Structures are given as C-alpha cells and as structure tokens.
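S.K.: Sequence:
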Amino acid sequence: MTLENLIPPGGMTPNDLVRLGAEFALGVEPVEMAPQVLDTPLYTGRLLAHEVQPGLMLSAGDVTYICDQGFAVEMAPALVCGIMLSGQPVRTEVEGHGSFVRLPHQVNLMGFDRPIRYTTPLERGRNFRTAGFVLQPAFFERFAEDIDDDGVSALRELTTGGFRTATITHSPRIGEIARLCLEHPYGGQLGRLFLESNALAYVIEVAQALKDERRLVALLGRREYDRVVHAREILDGDLVNTPTTLELARRVGINVTTLQANFKAVFGRTIFAHVREQRLMMAKILLQEYRLSVAEAGRRVGFSRPSAFSAAYRRHYGHPPRSERHQSTGMRPG
Numbered sequence: 006m007t008l009e010n011l012i013p014p015g016g017m018t019p020n021d022l023v024r025l026g027a028e029f030a031l032g033v034e035p036v037e038m039a040p041q042v043l044d045t046p047l048y049t050g051r052l053l054a055h056e057v058q059p060g061l062m063l064s065a066g067d068v069t070y071i072c073d074q075g076f077a078v079e080m081a082p083a084l085v086c087g088i089m090l091s092g093q094p095v096r097t098e099v100e101g102h103g104s105f106v107r108l109p110h111q112v113n114l115m116g117f118d119r120p121i122r123y124t125t126p127l128e129r130g131r132n133f134r135t136a137g138f139v140l141q142p143a144f145f146e147r148f149a150e151d152i153d154d155d156g157v158s159a160l161r162e163l164t165t166g167g168f169r170t171a172t173i174t175h176s177p178r179i180g181e182i183a184r185l186c187l188e189h190p191y192g193g194q195l196g197r198l199f200l201e202s203n204a205l206a207y208v209i210e211v212a213q214a215l216k217d218e219r220r221l222v223a224l225l226g227r228r229e230y231d232r233v234v235h236a237r238e239i240l241d242g243d244l245v246n247t248p249t250t251l252e253l254a255r256r257v258g259i260n261v262t263t264l265q266a267n268f269k270a271v272f273g274r275t276i277f278a279h280v281r282e283q284r285l286m287m288a289k290i291l292l293q294e295y296r297l298s299v300a301e302a303g304r305r306v307g308f309s310r311p312s313a314f315s316a317a318y319r320r321h322y323g324h325p326p327r328s329e330r331h332q333s334t335g336m337r338p339g
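Here the numbering used here is used: the first residue of the sequence shown is 6, the next is one more, and so on.
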C-alpha cells in the first residue's frame, strides 16, 4: 500500500490526515524515551542522555552510588548547566581551576572554552536526582547575529575567557522543567518532541534567570542581593517554624523595610506571599501523598478556615484542593 493510494480524489481533510497517521502508527513500534534503568558495579538507578538538537544535549538521572568513588569527566568546550533536585551538597574539583560546591535546588552553570577535566567525589549510599543540559559551540553558532536578541548571549558569555562558573537561585519554573526530564509520560516521536521542547524551555528559563540576576545585582549590589537570597533560603529551610520578618532581617543583617523592598524586587512577591506559596505546595503533598482532609491540610499549613484555604488553593493551582484527593493513589511515601 502506498501513500498515493490512500489519498481520496478530493484531497485530504485534517481529520483524514489524523486517521492516516493512526493507521501508520499501528505498524511502528514507539521508541522508549524515558530514562534507562541501569544496574552497574558503581551505581544503580535511571539515566537519560539525549541530543535533542545539534549542540544541545539533555541529561537527567536518579541514581544511588554503591561504593565510594571519584567520578571523573573530561569535556570539550561547552556550557554545562544542572540542578540537583534532591541530594546533599557535593564539591567538584576542576583541574587547574580549584573547586566549587553544588547545593540542592541551586542551578549551577560551568562554562569553558578549552577542554577540561573535573572530578566529583561520591559516597556509597548517596542518592542524587539531577537534570541539566550541555550547550556546545555548534548550538551558539546556529544563532549567529541574532543571539544578542534572544537572551542566550548571557549563556554564551560564560563560555569565553577560560573557565567560568555562575549560580542561579532556585526557581519553581526551572525546577518543574528539570523534574519533567525524569518524569515525563511520553514515548516515541511524541517523546522526542517533548524532550526537545522541554530542553529549549530549560535553556530559555536559565538564560532569562541569569539576565535577571545580573540586572538585580547591578541594581542592588552583590552584598544586598546575596542577603535577600539568604533570607529566602532561611524561609525555605524551615517552612513549619517560619521566622518573623523582624527576626529574618536580623539574621541576614539588614533592616526590615530594606529586606521587604529588596525581596519584592528580586522575587516579584512579598515575604508573606512567598511563604504562603510554599505552604500551598506543602498542602498539595499533604493532600496527595498523606491523604489528609482538606480542612486538616489547610490547618497544617496555617489556614484557620477551610473556605479561605480552598479559595487560596484554587487561585494558585486553578482547581479546588478536594480534587487532589480524588486524583491521589493513596500511597504514602515510605
């Protein structure tokens, strides 16, 4: 059967094309695009490595190391970006350039215009969930003169001048993109398209975050910017016993009004709005994974009235909290 034989005399409608695609799909076995399950003498878990476009490699992993080891990597000139979704801080040694520490939920960037070798010591039993991308020179070359107009120039700058590093504070959007590298539900050509789209979204979000961070550092000064970032780290580190704004200001060494103003400038929301958003995320986990009632989940995260909790939850997620319990499997994490 040829394609010409399937085309009706009057041409094909969009619906005809979909039906034709469905017929051909019956004869094609979809390619698995999920991370591969591996069990080696060094580590066990899942790994994904996929070149989604020339010069753009997407990688992700959820692995547990079986023995103590130094994980060494040799790389040609590139920009490496990654986020540790879960795990403990690790120190990476770069030959000829010293070391730097990677922290959970922190976006780490490493750029170099010549081959390098770096080593990360890893301990037995430690688990890491990571996701990132690698941009090779071919990626930047494809943009030619337009690169300054699309935000990617901030990333390209890191690949000049030898070896350079940068960090970006945690972004919920970047974290979600990274998570989907590991957890996406697609296979075959749809999976390929999703990974390409997700990788490009990853690059764009990181580039924009890097530009925004540089702009804010220039506006506030590095010291004041770092104080605000530290304040958010304190808040995120203990969402159950959240410090008062006054206590938070004292801990980071800044007055309350300056902290309020700079926090809003850097993160686009007030301290209270940030804590409320994080607690709504906690509530989602309590509903889905721990099967708490709506009233109890709301009470646990600080709402005195279920109606107020439901309204805030709907505004944030676009659906009422009770729908989370209907969708939940009821499995409590072990």
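Since the hints were derived computationally from the structure, they do not count as laboratory data. Quick caveat, the model's predicted, so the values are computed rather than measured. In this text, a Cβ means the ideal position worked out from N, Cα and C, and glycines have one as well. Hints may contain errors.
Said to hold, decoys possible - Now the in silico label distances, taken between C-beta atoms and shown as ranges:
1. Gly307 - Gly180: 19 to 25 angstroms
2. Glu294 - Pro248: 49 to 55 angstroms
3. Val42 - Thr263: 46 to 52 angstroms
4. Thr69 - Gly323: 34 to 40 angstroms
5. Glu162 - Glu188: 27 to 33 angstroms
6. Arg178 - Glu252: 41 to 47 angstroms
S.K.: For each hint, tell me whether it holds in the structure or not.
M.R.: Now for the hints, and whether the structure bears them out:
1. Checked against the hint of 19 to 25 angstroms, the pair Gly307 and Gly180 passes, with Cβ atoms roughly 23 angstroms apart.
2. For Glu294 paired with Pro248, a C-beta distance near 27 angstroms fails the hint of 49 to 55 angstroms.
3. With their beta carbons about 50 angstroms apart, Val42 and Thr263 fall inside the hinted range of 46 to 52 angstroms.
4. At roughly 35 angstroms, the beta-carbon separation of Thr69 and Gly323 lies within the given 34 to 40 angstroms, and the hint holds.
5. Our hint of 27 to 33 angstroms for Glu162 and Glu188 holds, since their Cβ atoms are close to 32 angstroms apart.
6. In this structure, Arg178 and Glu252 break the distance hint of 41 to 47 angstroms, their C-beta atoms being roughly 29 angstroms apart.
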